[in-house]
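*Asks:* What follows is each chain in one-letter form.
Protein chains: 2
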Amino acid sequence: MKPDQKYEEYKILMGRIADLDFSNAVLGWDQQVYMPKNGAEGRGRQMATLSTLSHELFTSEKLENLLRSLSEDQSLDDKKRFNVQRTLKDVTRKKKYSEAFVSEMALTTSKAFGAWSEARVKRDFKIFEPLLSKIVELKRKEAEFLGYEEHPYNALVEDYEPGLRVAKIDAVFDQVKRELFPFTREVTARFKPDTAFLSKAYPKGRQWEFSKRIIEMMGYDFESGRADDAPHPFCTTFAPGDVRITIRSAENEFNMMLFAAIHEAGHALYELGLPQEEHYGLPLGGALSMAFHESQSRFWENSIGRSLSFWKGQYPALQKLFPENLSSVSLHDFYRGVNAVEPSFIRVEADELTYHAHIYIRYLIEKALMAREIEVKDVPAFWNERYQEYLGIRPSHDGEGCLQDVHWSYGSFGYFPTYSFGSFYAAQLHAAMRKDLPDFEGRVERGEFASILKWLREKVHVHGKRHSSDELLTKVTGEGLNVSHFMGYVREKYGALG
Amino acid sequence: MKPDQKYEEYKILMGRIADLDFSNAVLGWDQQVYMPKNGAEGRGRQMATLSTLSHELFTSEKLENLLRSLSEDQSLDDKKRFNVQRTLKDVTRKKKYSEAFVSEMALTTSKAFGAWSEARVKRDFKIFEPLLSKIVELKRKEAEFLGYEEHPYNALVEDYEPGLRVAKIDAVFDQVKRELFPFTREVTARFKPDTAFLSKAYPKGRQWEFSKRIIEMMGYDFESGRADDAPHPFCTTFAPGDVRITIRSAENEFNMMLFAAIHEAGHALYELGLPQEEHYGLPLGGALSMAFHESQSRFWENSIGRSLSFWKGQYPALQKLFPENLSSVSLHDFYRGVNAVEPSFIRVEADELTYHAHIYIRYLIEKALMAREIEVKDVPAFWNERYQEYLGIRPSHDGEGCLQDVHWSYGSFGYFPTYSFGSFYAAQLHAAMRKDLPDFEGRVERGEFASILKWLREKVHVHGKRHSSDELLTKVTGEGLNVSHFMGYVREKYGALG
Numbered sequence: 001m002k003p004d005q006k007y008e009e010y011k012i013l014m015g016r017i018a019d020l021d022f023s024n025a026v027l028g029w030d031q032q033v034y035m036p037k038n039g040a041e042g043r044g045r046q047m048a049t050l051s052t053l054s055h056e057l058f059t060s061e062k063l064e065n066l067l068r069s070l071s072e073d074q075s076l077d078d079k080k081r082f083n084v085q086r087t088l089k090d091v092t093r094k095k096k097y098s099e100a101f102v103s104e105m106a107l108t109t110s111k112a113f114g115a116w117s118e119a120r121v122k123r124d125f126k127i128f129e130p131l132l133s134k135i136v137e138l139k140r141k142e143a144e145f146l147g148y149e150e151h152p153y154n155a156l157v158e159d160y161e162p163g164l165r166v167a168k169i170d171a172v173f174d175q176v177k178r179e180l181f182p183f184t185r186e187v188t189a190r191f192k193p194d195t196a197f198l199s200k201a202y203p204k205g206r207q208w209e210f211s212k213r214i215i216e217m218m219g220y221d222f223e224s225g226r227a228d229d230a231p232h233p234f235c236t237t238f239a240p241g242d243v244r245i246t247i248r249s250a251e252n253e254f255n256m257m258l259f260a261a262i263h264e265a266g267h268a269l270y271e272l273g274l275p276q277e278e279h280y281g282l283p284l285g286g287a288l289s290m291a292f293h294e295s296q297s298r299f300w301e302n303s304i305g306r307s308l309s310f311w312k313g314q315y316p317a318l319q320k321l322f323p324e325n326l327s328s329v330s331l332h333d334f335y336r337g338v339n340a341v342e343p344s345f346i347r348v349e350a351d352e353l354t355y356h357a358h359i360y361i362r363y364l365i366e367k368a369l370m371a372r373e374i375e376v377k378d379v380p381a382f383w384n385e386r387y388q389e390y391l392g393i394r395p396s397h398d399g400e401g402c403l404q405d406v407h408w409s410y411g412s413f414g415y416f417p418t419y420s421f422g423s424f425y426a427a428q429l430h431a432a433m434r435k436d437l438p439d440f441e442g443r444v445e446r447g448e449f450a451s452i453l454k455w456l457r458e459k460v461h462v463h464g465k466r467h468s469s470d471e472l473l474t475k476v477t478g479e480g481l482n483v484s485h486f487m488g489y490v491r492e493k494y495g496a497l498g
Numbered sequence: 001m002k003p004d005q006k007y008e009e010y011k012i013l014m015g016r017i018a019d020l021d022f023s024n025a026v027l028g029w030d031q032q033v034y035m036p037k038n039g040a041e042g043r044g045r046q047m048a049t050l051s052t053l054s055h056e057l058f059t060s061e062k063l064e065n066l067l068r069s070l071s072e073d074q075s076l077d078d079k080k081r082f083n084v085q086r087t088l089k090d091v092t093r094k095k096k097y098s099e100a101f102v103s104e105m106a107l108t109t110s111k112a113f114g115a116w117s118e119a120r121v122k123r124d125f126k127i128f129e130p131l132l133s134k135i136v137e138l139k140r141k142e143a144e145f146l147g148y149e150e151h152p153y154n155a156l157v158e159d160y161e162p163g164l165r166v167a168k169i170d171a172v173f174d175q176v177k178r179e180l181f182p183f184t185r186e187v188t189a190r191f192k193p194d195t196a197f198l199s200k201a202y203p204k205g206r207q208w209e210f211s212k213r214i215i216e217m218m219g220y221d222f223e224s225g226r227a228d229d230a231p232h233p234f235c236t237t238f239a240p241g242d243v244r245i246t247i248r249s250a251e252n253e254f255n256m257m258l259f260a261a262i263h264e265a266g267h268a269l270y271e272l273g274l275p276q277e278e279h280y281g282l283p284l285g286g287a288l289s290m291a292f293h294e295s296q297s298r299f300w301e302n303s304i305g306r307s308l309s310f311w312k313g314q315y316p317a318l319q320k321l322f323p324e325n326l327s328s329v330s331l332h333d334f335y336r337g338v339n340a341v342e343p344s345f346i347r348v349e350a351d352e353l354t355y356h357a358h359i360y361i362r363y364l365i366e367k368a369l370m371a372r373e374i375e376v377k378d379v380p381a382f383w384n385e386r387y388q389e390y391l392g393i394r395p396s397h398d399g400e401g402c403l404q405d406v407h408w409s410y411g412s413f414g415y416f417p418t419y420s421f422g423s424f425y426a427a428q429l430h431a432a433m434r435k436d437l438p439d440f441e442g443r444v445e446r447g448e449f450a451s452i453l454k455w456l457r458e459k460v461h462v463h464g465k466r467h468s469s470d471e472l473l474t475k476v477t478g479e480g481l482n483v484s485h486f487m488g489y490v491r492e493k494y495g496a497l498g
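The listed protein sequences correspond, in order, to chains A and B.
At position 279 of the first sequence (counting the first as 1) the number is 279 in this note's numbering, and the numbers step up by one without a gap.
At position 38 of the second sequence (counting the first as 1) the number is 38 in this note's numbering, and the numbers step up by one without a gap.
If we strip away everything but chain A, and leave its shape as in the complex, we get:
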């Protein structure tokens, strides 16, 4: 077989794997948005089968042999070589998972999800504790067989933000603790906007009319996607031309639908901007990392969607749509209201500033569990003390405390830091964009988002997984991650507020 043929073989095999994974995404999406109750059992087994088949192909000898042979081929161009080497790295990692481990983890997490749901509703950590203990034990094992330097948590973070290490996370959060936390306390002490108007009645149909117009202005194309109602907002990719979002709404919470729609559309625009057609199922066609994904959603949600320039342009239309609620609310008061800052218990409802305390606390817990510095039974107390320490509030029960997030129930450890890193990347990209695009605020105000999306596509999206986060940030902004950009952004924004 000639090298070109071998690369084609490799592409075909990876395409098949992607076909299985994208099919599974369709099944998962339907499960969340349309599946009738009694379809659950069948759907569970079908999704497991597609995962298994995908895993079998990905760890097959056939693929590994192709990759080993291709990785020694000097005639491949740079892009092909990258795809091959990165896939080989991923395959090597995946092969460290024994079948026994995978099935034990699957069995445990499938039970854990139900236990977590019940525990959360009943506000009783004890219901979840035995299964979470089992999961933590498995994750500790996983870190061991994957291998790591310095800290077992490093092995797990790799799945979500390749190359990120505890030392870096600690350094970043040291700065966050030193600069953001005191600043947040200062802001909450002086900035007390009126938010009552956000809880008036906003009929869902009109909320969607507005949200849809905004995400279309951002460049989200309903011929390459759609939006459906779901209990949780998410973005999911089925094909290069089919990237969907889900939305949720509450008539009495204006913030819920719009900002989630902008956030998810931000994820979707990244997926739609990836060179997925050229590199279907290959590393160059995939998103860099979870943190970079989050940078895209947070950029649109916060840097754009919660900015004064944006609302200068859009508020008149919103007022016209909801005159009964907003005709007596000034632009300035509206802008203050949607940027209110207040310590709260629930992460997903947190503002731009206090959000990072939520993340930091989860990170501390995950790291301590992996290092065996605490055990699962210690989590509730540890959690509550940290909330007292960093947010000044103490949960009255575990439902609004350590049971609020689903991640641990499906064995996801190492994911949380990417939420904060996504915000910090977003602020750094935002700063660079303001330098690159003259009259940036004017563009935002006039809703001229095409040039902004073009910038993101050319600077970020088009590269797929080609660079590490720090490499790409350096390429685009002239330096690796520097949290000072985020601090500059929040100081400027909240300095001008109240």
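It should be emphasised that the hints constitute simulated quantities derived from the structure, not laboratory data.
One or more hints might be untrue.
Intra- or inter-copy, both count: the list cannot distinguish identical chains.
Stated by the list, open to error - Pairs of lysine to aspartate or glutamate residues, derived as DMTMM-like cross-links and limited to a Cα-Cα distance of at most 25 Å, are as follows:
id, residue 1, residue 2
1, K96, D159
2, K2, E278
3, K212, D229
4, K37, D228
5, K320, E209
6, K11, D78
7, K204, D228
8, K95, D174
9, K62, E99
10, K37, D221
11, K62, E458
12, K96, E158
13, K2, E99
14, K79, E41
15, K111, E8
16, K37, E223
17, K89, E72
18, K96, D4
19, K37, D229
20, K89, E61
21, K94, E61
22, K6, E104
Since the structure of chain A is provided, determine the placement of chain B on it from the hints.
*Replies:* Same frame as chain A, now just chain B:
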């Protein structure tokens, strides 16, 4: 490996195949109901991959070896032996398909669908002709390698109605020509109901309110299914507890939504009544045949949904829902209107009587093509002459003639007869049910459909593929297919009308 273990292995493998096929059904459903335009290309390749993987497993040496070994095992119980033998028969048939043939057919039909759509819109058979010729050539080859006795068409019918042969279809249609066609002409000559009220404005929301209530009364459970809008009504199964239907509607055509909803719900009730949980992915968990499937949908649609007893019970509620259209239309006039008989060009809009002329014509064409008695270029003229002969009308263009049905474009030859056979089975089951269930008409009038569904479940659904159609009819009604039941039904019904 012990026999029990081998049977378990076989079940696991068949379960995996079913998982792939059901997953593919989800993708196909989404393609029809929700997929955005630009998702088409990716979806096509994903569905092809799932089909290929399913086919690979079904024709794998592993499965065949298991089946060969199990088929010699005398210790298996009757049900298990049936599953094994039937699967072996199906595998043996599928293995006759060469990879080259399958991919040539897939390639041809994927082009043919587009050509057919374009030809239909442009009313130009020439656009479709070359690809249809290619398909017919491939189907002729298929009949040869599958093997047959007497007529090549027999090889193709086997996919849709196992055991059915041309000799039987001819005999049945001889009776249809002798009895139904003259009767139809007699009815159309004397029965001229007013149908104008069916074309008034029936807002979709209220149409669905009524349709939903009716199919729920039939026993369709929205916790095990759902209904979505689609360009064409269909029923699709994703899991034993997830069988969905699609509906379409037109504000000015009352007939469109309700009867299609009842029809599709009839299909769905059959699927939900199959022992799919016990025999997931196995022959005993599957529908007997396409014709038996159609017997279930047509039974509910026509024998129940277009009956006088049904409307005696339901018409008051319908009048109340649409007083603006129906307050001055009597029950009798309504009943006459929804049972109007008139020769027309479009099969899917045809009434209970003329419908079978549409089917007969397609059957004649398919049979003649397979026997090389005509060629594809002859189809339009052949079609138009037969419409003149059997329906007394001649299409003014091929769009309302030989281009109206999608089936040929995807290589489906041998399917059409099952539509008529389904109606004839339905009438025979209906006759038996009337004997078995005292006060049958009263039950229908009072909407007591539970006992009717129970009868169908116990007599038909529970058996899966256990019997051939004629065996099952004999078991349930005391005789094999006898078209006189259908003739008796239409004579009684239309004798009383006009």
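*Asks:* Now look at each hint and say whether the structure bears it out.
*Replies:* Evaluated hints:
no. : hint        : result
1   : K96 - D159  : within (13 Å within a copy, 45 Å between copies)
2   : K2 - E278   : within (21 Å within a copy, 50 Å between copies)
3   : K212 - D229 : both (13 Å within a copy, 22 Å between copies)
4   : K37 - D228  : both (18 Å within a copy, 16 Å between copies)
5   : K320 - E209 : within (12 Å within a copy, 34 Å between copies)
6   : K11 - D78   : within (16 Å within a copy, 47 Å between copies)
7   : K204 - D228 : both (13 Å within a copy, 21 Å between copies)
8   : K95 - D174  : neither (36 Å within a copy, 65 Å between copies)
9   : K62 - E99   : both (18 Å within a copy, 20 Å between copies)
10  : K37 - D221  : between (31 Å within a copy, 10 Å between copies)
11  : K62 - E458  : neither (35 Å within a copy, 50 Å between copies)
12  : K96 - E158  : within (14 Å within a copy, 48 Å between copies)
13  : K2 - E99    : between (34 Å within a copy, 24 Å between copies)
14  : K79 - E41   : between (42 Å within a copy, 24 Å between copies)
15  : K111 - E8   : between (41 Å within a copy, 24 Å between copies)
16  : K37 - E223  : between (30 Å within a copy, 5 Å between copies)
17  : K89 - E72   : within (14 Å within a copy, 47 Å between copies)
18  : K96 - D4    : neither (29 Å within a copy, 33 Å between copies)
19  : K37 - D229  : both (16 Å within a copy, 20 Å between copies)
20  : K89 - E61   : within (15 Å within a copy, 33 Å between copies)
21  : K94 - E61   : within (13 Å within a copy, 28 Å between copies)
22  : K6 - E104   : between (35 Å within a copy, 24 Å between copies)
Of the hints listed earlier, those the structure fails to meet are numbers 8, 11 and 18, in rising order.
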